[in-house]
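Protein chains: 2
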Amino acid sequence: MAVVAVWKCDRDGKMFDDKKAAEAHDKMLELAANITDLIENSVKGISEEHSEAIGLLLAGKSEVLAKACKGKPELLLEEASDDSVTPLVANQ
Amino acid sequence: MAVVAVWKCDRDGKMFDDKKAAEAHDKMLELAANITDLIENSVKGISEEHSEAIGLLLAGKSEVLAKACKGKPELLLEEASDDSVTPLVANQ
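Chains as they are written, first to last, in my numbering: chain A, 110 to 201; chain B, 110 to 201.
Don't read these hints as lab results, they were simulated from the structure.
What you were told as hints is all true, and nothing was included just to trick you.
If you only want the chain A side, here are some residues facing chain B, beta carbon under 10 Å, derived:
(1) Asn143
(2) Gly154
(3) Val173
Label-pair distances were calculated between CB atoms; the ranges are:
(4) A:Met110 / B:Glu157: 56 to 62 Å
(5) A:Glu158 / B:Gly122: 31 to 37 Å
(6) A:Gly154 / B:Asn150: 20 to 26 Å
(7) A:Lys128 / B:Gly169: 33 to 39 Å
C-beta: ideal position from N, C-alpha, C; glycine also.
So that you can see chain A by itself, here it is in the shape it has in the complex:
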């Protein structure tokens, strides 16, 4: 028997074996929360459900979003079409 370190993200309670992965998840949720705050402070009549979904959506795509903001907005559309591809899984 042994004890092992696991890492819990305070924001949502998600558990990680790896500290770096836990920190990355926490940073993603912080970005999502701040995008949500910005939207709620600026867009009248938006529901909390929608603003939170958008925060998580955009924070989950933060790498491509950063590139899009840096002069490659077309990357956001490529990303969207990637998501809609259903992978073929054979022989399972």
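Chain A is fixed; fit chain B onto it per the hints.
Frame of chain A; chain B shown alone:
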């Protein structure tokens, strides 16, 4: 009398004296449109009015949004509070 070049952004008809400024405006609107598309494709029940407002809001803050996506999410909150400061204008 003389003729001078002016630059029109096709997307919204806005006119510019400076070509670079016109191109930057066009790129901002392209980013806004693509963020809006991504949201409309991913967030169920969002209204066109809200998704367009959010696209424009975020595209208008593309520099700080890019930094936020690169590990500085707190910048989005500073930006929000900056916006609420009313500049003092004296002697005008």
